[in-house]
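> Top to bottom, those sequences are chains A and B. Everything in the first sequence is counted per our numbering, starting at 8 for the first residue and increasing by one. Everything in the second sequence is counted per our numbering, starting at 8 for the first residue and increasing by one.
I should point out that these hints are in silico values taken from the structure, not numbers from a laboratory. Take these hints with a grain of salt, some might be off.
Identical copies go unnamed one by one, so any copy, or any two together, can satisfy a pair.
[Claimed, not checked] No farther apart than 30 Å at their CA atoms in a straight line, the calculated lysine-lysine pairs in the BS3-like style are these: (1) Lys250 with Lys554; (2) Lys536 with Lys564; (3) Lys197 with Lys165; (4) Lys314 with Lys137; (5) Lys447 with Lys554; (6) Lys573 with Lys536; (7) Lys165 with Lys314; (8) Lys97 with Lys554; (9) Lys97 with Lys197; (10) Lys564 with Lys97.
What follows is each chain in one-letter form.
Protein chains: 2
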Amino acid sequence: MMKQITDGDLKAASPAQLKEYCNALREEIFRTVSVCGGHLSSNLGTVELTVALHRVFDLPHDKLIFDVGHQCYTHKLLSGRANTFHTLRKRGGLSGFPKRSESEYDCYDTGHAGTAISAALGFAKARDLKGETYNVIALVGDGSFNNGLVYEALNSIKILGSRVLIVLNDNGMSISPTVGGMHELLGEMKGKPPLDDVRLFERFGLSYRGVVNGNDLNELLPALEEAKNDLRHGSVLLHVSTKKGQGYSFCECAPVETHGVSPSQKQSEYNAALGEELCRLAELHPEIVAVTAAMTDNLGLRPFFEKYPARAFDVGICEEHASVLCASMAAAGMKPYYAIFSTFLERAFDEIIHDICAQELPVTLCIDRAGVSGADGETHQGVFDLSFLSFIPNLTVAIPKDIGEFRAMLRASADFRGPLAIRYPREGSEGAISDVKIGKFEVLHSTMSDITMLAAGERCLRIAEEVRGNALAEGLDVGLINARFLRPLDEELLLSLPQNTLITLEDNALIGGLGDAVARFYRARGIEKTVLNFGVGDRFLPHGEPKELMDDFGLGKADILAAMRKHYARG
Amino acid sequence: MMKQITDGDLKAASPAQLKEYCNALREEIFRTVSVCGGHLSSNLGTVELTVALHRVFDLPHDKLIFDVGHQCYTHKLLSGRANTFHTLRKRGGLSGFPKRSESEYDCYDTGHAGTAISAALGFAKARDLKGETYNVIALVGDGSFNNGLVYEALNSIKILGSRVLIVLNDNGMSISPTVGGMHELLGEMKGKPPLDDVRLFERFGLSYRGVVNGNDLNELLPALEEAKNDLRHGSVLLHVSTKKGQGYSFCECAPVETHGVSPSQKQSEYNAALGEELCRLAELHPEIVAVTAAMTDNLGLRPFFEKYPARAFDVGICEEHASVLCASMAAAGMKPYYAIFSTFLERAFDEIIHDICAQELPVTLCIDRAGVSGADGETHQGVFDLSFLSFIPNLTVAIPKDIGEFRAMLRASADFRGPLAIRYPREGSEGAISDVKIGKFEVLHSTMSDITMLAAGERCLRIAEEVRGNALAEGLDVGLINARFLRPLDEELLLSLPQNTLITLEDNALIGGLGDAVARFYRARGIEKTVLNFGVGDRFLPHGEPKELMDDFGLGKADILAAMRKHYARG
Chain A
8 MMKQITDGDL
18 KAASPAQLKE
28 YCNALREEIF
38 RTVSVCGGHL
48 SSNLGTVELT
58 VALHRVFDLP
68 HDKLIFDVGH
78 QCYTHKLLSG
88 RANTFHTLRK
98 RGGLSGFPKR
108 SESEYDCYDT
118 GHAGTAISAA
128 LGFAKARDLK
138 GETYNVIALV
148 GDGSFNNGLV
158 YEALNSIKIL
168 GSRVLIVLND
178 NGMSISPTVG
188 GMHELLGEMK
198 GKPPLDDVRL
208 FERFGLSYRG
218 VVNGNDLNEL
228 LPALEEAKND
238 LRHGSVLLHV
248 STKKGQGYSF
258 CECAPVETHG
268 VSPSQKQSEY
278 NAALGEELCR
288 LAELHPEIVA
298 VTAAMTDNLG
308 LRPFFEKYPA
318 RAFDVGICEE
328 HASVLCASMA
338 AAGMKPYYAI
348 FSTFLERAFD
358 EIIHDICAQE
368 LPVTLCIDRA
378 GVSGADGETH
388 QGVFDLSFLS
398 FIPNLTVAIP
408 KDIGEFRAML
418 RASADFRGPL
428 AIRYPREGSE
438 GAISDVKIGK
448 FEVLHSTMSD
458 ITMLAAGERC
468 LRIAEEVRGN
478 ALAEGLDVGL
488 INARFLRPLD
498 EELLLSLPQN
508 TLITLEDNAL
518 IGGLGDAVAR
528 FYRARGIEKT
538 VLNFGVGDRF
548 LPHGEPKELM
558 DDFGLGKADI
568 LAAMRKHYAR
578 G
Chain B
8 MMKQITDGDL
18 KAASPAQLKE
28 YCNALREEIF
38 RTVSVCGGHL
48 SSNLGTVELT
58 VALHRVFDLP
68 HDKLIFDVGH
78 QCYTHKLLSG
88 RANTFHTLRK
98 RGGLSGFPKR
108 SESEYDCYDT
118 GHAGTAISAA
128 LGFAKARDLK
138 GETYNVIALV
148 GDGSFNNGLV
158 YEALNSIKIL
168 GSRVLIVLND
178 NGMSISPTVG
188 GMHELLGEMK
198 GKPPLDDVRL
208 FERFGLSYRG
218 VVNGNDLNEL
228 LPALEEAKND
238 LRHGSVLLHV
248 STKKGQGYSF
258 CECAPVETHG
268 VSPSQKQSEY
278 NAALGEELCR
288 LAELHPEIVA
298 VTAAMTDNLG
308 LRPFFEKYPA
318 RAFDVGICEE
328 HASVLCASMA
338 AAGMKPYYAI
348 FSTFLERAFD
358 EIIHDICAQE
368 LPVTLCIDRA
378 GVSGADGETH
388 QGVFDLSFLS
398 FIPNLTVAIP
408 KDIGEFRAML
418 RASADFRGPL
428 AIRYPREGSE
438 GAISDVKIGK
448 FEVLHSTMSD
458 ITMLAAGERC
468 LRIAEEVRGN
478 ALAEGLDVGL
488 INARFLRPLD
498 EELLLSLPQN
508 TLITLEDNAL
518 IGGLGDAVAR
528 FYRARGIEKT
538 VLNFGVGDRF
548 LPHGEPKELM
558 DDFGLGKADI
568 LAAMRKHYAR
578 G
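Hey, can you work out the whole structure from these sequences and the hints?
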């Protein structure tokens with residue numbers, strides 16, 4: 008555990024001392040992330056920048072907002088959290104993202120890209136309306152500068168007329184390398200006097216300052232002081248160039264691989280299967296294309312991008328645009344696969360409804376990190392996707408029971424002619440590749456008893472198997488069904504079930520998920536069944552181990568078993 | 008009914024004949040919209056531009072995509088739909104928006120802002136991959152140029168490397184006048200040689216051409232021919248200046264008021280109450296601010312904007328940014344009211360979850376045009392909001408029974424300290440302003456019989472009252488409850504209800520709405536009730552009269568009455 012460095016220490020430090028502080032911070036981050044997992048290279052890259060911000064500004068009176076927030080570790084270490092930093096990303100410990108509940112130094116929670124400038128403008132406007140005087144700083148990576156929300160915020164600087172400092176942390180990377188017109192523009196600004204391009208930012212009401220080496224305090228501190236001074240007169244964009252992974256050569260050389268580090272031994276990953284299957288299908292189906300929003304590697308699509316570069320598109324952190332691109336390519340005869348993390352798909356909700364589903368276009372959404380996803384916490388828990396996909400007409404929603412079934416679903420998808428969503432967790436087990444028919448469940452254990460379980464997805468099936476084992480040990484026999492489609496449900500099977508008590512399990516919010524769907528199915532037909540639902544309760548899930556979280560927040564085996572015993576006793 | 012003009016006619020026409028065609032089209036649009044309602048001034052402004060596009064390009068081989076799509080009337084008249092144009096926006100008649108199901112000239116359905124450039128890129132990319140040769144044109148208003156999705160598309164032009172023509176129809180308006188940095192930039196480009204700003208578009212891979220008077224075919228036709236020629240070498244932005252309402256002086260002078268025209272005699276409007284109440288509350292609560300996304304007038308906020316200009320923000324068509332702005336202002340101590348149409352709120356879904364609700368910030372969402380909204384069709388039916396708000400933790404969702412209750416809810420909201428959504432239709436009846444307690448239903452008719460109805464919102468309560476009247480006439484007594492909160496439900500009341508059969512009514516999708524919530528409530532507690540749900544079935548609702556649509560797609564009185572009779576007979 009490192010000694011707590013305060014902003015007072017930073018303000019009093021000599022250049023040599025500051026450098027020592029940076030070394031200590033960098034070591035502490037490396038040590039902790041090696042144990043706890045987390046975002047490594049992005050935090051290594053921003054040590055000096057964060058130290059400079061804490062030295063030059065008066066936090067928490069001044070407001071510092073981190074875009075995405077995965078680069079806030081130095082900030083946490085500097086704001087009274089050095090002694091708890093070893094709890095990073097652990098249940099009950101520090102979050103890997105800014106959290107207002109954790110410290111007054113965290114003024115605004117983030118987690119998804121592109122919100123910081125909007126949030127800074129909100130704070131600045133509130134400050135002006137209330138006659139307060141603090142500075143507001145948004146720290147934004149160049150990856151987010153591709154995102155439409157950042158542009159919307161830039162566009163409104165003049166409308167709102169409240170002063171903010173935007174520090175553009177330009178390391179040429181999102182999780183994947185940054186792409187697109189804005190990226191090229193920023194890149195050229197690094198190389199030469201950026202006369203034309205400076206004008207662009209001026210148009211939006213920003214005075215431009217840059218480019219500063221963000222890993223060199225000798226450049227950074229005076230530049231930040233000047234920016235702070237300019238901020239008295241208007242909004243400022245300070246363009247800072249940093250090196251992702253700075254200080255650890257293997258991180259500098261592999262910023263994608265060291266963006267996020269996981270401490271645990273990994274099981275097989277669904278994303279590898281996605282890459283393999285899409286490569287295989289693309290050979291047979293020339294109309295297949297793949298689209299991602301700055302997540303090529305995390306989604307397993309690197310092999311596809313390498314094998315089919317002309318049919319693979321990383322459009323940057325642009326979830327909405329990616330959706331419309333898929334819809335329109337489908338309208339023009341292509342077969343697009345759009346791979347994305349569950350919570351980031353929320354950004355494309357409107358386009359899924361109107362562009363993809365209302366037009367009944369054959370776009371396949373490959374939704375990774377679905378369900379309880381663990382250590383990244385609230386903003387990354389994929390526990391709403393079944394709920395927000397459940398009511399969209401024309402959409403088919405599939406939930407594979409393992410990687411083999413995921414492969415089978417992908418194979419079946421190639422000839423499927425409507426909008427399709429397949430949601431799956433990060434890790435899981437392999438398993439046989441057998442045929443999957445759209446809208447057909449699989450009976451895993453049939454029973455003569457009055458209770459059967461319907462479980463969706465690998466983790467819930469595993470819980471169900473364990474509960475079933477425990478029940479059997481007590482002499483209670485229960486059936487188990489792999490409920491692998493939310494839409495359509497397997498109507499034939501549901502109608503044929505003799506059991507009166509059905510128990511549903513899903514790693515999704517209880518509201519709007521599989522449990523509601525099954526209960527609604529019987530209710531609409533006037534069929535009396537007792538349907539008991541287990542899933543995530545009505546709350547935001549904090550960070551922690553998925554298994555623990557599921558156990559504590561709605562999918563505890565003891566609770567399921569207790570419900571079973573109770574209903575057994577009745578029957 | 009006007010004579011059908013074909014693209015062949017246009018291509019063969021003399022300048023004088025073209026002008027006559029334009030006059031005839033303009034008259035036909037004016038005449039039809041006067042009867043059927045619809046978008047008036049936007050269509051009057053784009054007659055020449057559409058005629059020029061049809062003359063210069065080879066439709067439907069070439070693909071013309073309308074952003075938003077509310078300006079497609081001339082296009083419909085020119086593409087074989089002159090003889091059905093009198094059915095515009097009527098049930099079973101022509102849609103007011105492009106529809107692939109209607110004509111091969113409509114290659115991509117639109118309705119929400121900002122999708123056209125993404126869609127054009129998708130078509131262009133598919134064309135190139137398939138070795139086809141058509142041109143792709145996106146017609147985009149300057150209002151959409153504020154939208155983040157447009158920026159995301161611009162940013163990916165270089166990534167995708169497929170040629171598109173973007174025709175920027177710059178009339179200085181969204182529905183409200185366009186605002187922001189991009190608007191200023193475009194405005195200056197109209198006035199002088201746009202050297203710096205041209206560079207911006209070049210950065211994004213567009214060669215810039217402009218500015219052309221889009222209401223003058225003598226300027227427009229050669230410019231479009233040149234743009235078409237340039238398009239062989241790369242993507243082109245053609246900047247066209249048009250006058251919204253062109254040709255009808257009262258439309259030119261009042262483009263906001265004549266943007267959309269409604270043929271029917273109006274009832275009272277909820278939006279007027281919103282403006283009045285917010286003005287009233289703002290006097291007492293200096294922390295109240297109001298935010299809209301380019302819809303100030305349609306949402307009734309004009310009085311607030313006039314009375315409190317420093318506390319009122321129209322940020323342009325930027326639904327995401329508006330949400331984050333509200334969340335952050337709330338985090339900084341303000342009390343924001345964000346008024347928006349139901350379907351446009353889908354664009355801010357992610358930010359409602361993570362910025363507003365996960366942080367439990369006191370933002371009030373005033374959701375207008377909720378429920379079946381009629382003549383605008385699929386993209387404007389507010390029938391998903393209860394579903395997509397139902398599962399968001401920390402959110403309170405209110406559904407007023409009339410304008411009086413809406414006023415009461417707004418008054419109660421001023422001291423409410425969490426995220427709150429109030430959803431209401433466009434029109435309704437006044438009604439008394441009496442106290443509303445959060446999470447408390449209102450019993451309108453109690454009954455000794457075994458059936459009671461729970462109805463949400465004015466229109467469903469009206470249906471319920473009528474059904475109840477019919478039932479009483481048959482000797483069946485049924486109760487009626489104003490279920491004015493989806494979250495939280497009135498648990499105390501629900502637990503105390505003696506009836507075994509409950510009937511829910513909502514002008515929302517059945518999946519994920521009030522009916523599911525009530526059934527889930529009892530199911531979770533092991534209480535046996537028969538809960539019958541009436542609402543919108545699992546499909547996209549076409550355009551038509553709201554009353555007719557509700558009758559046909561899930562809320563028919565005869566069906567409800569039949570269900571009641573059946574359960575009465577049982578009981």
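> Going through the earlier hints one by one, which of them does the structure break, listed in rising order?
1 and 9
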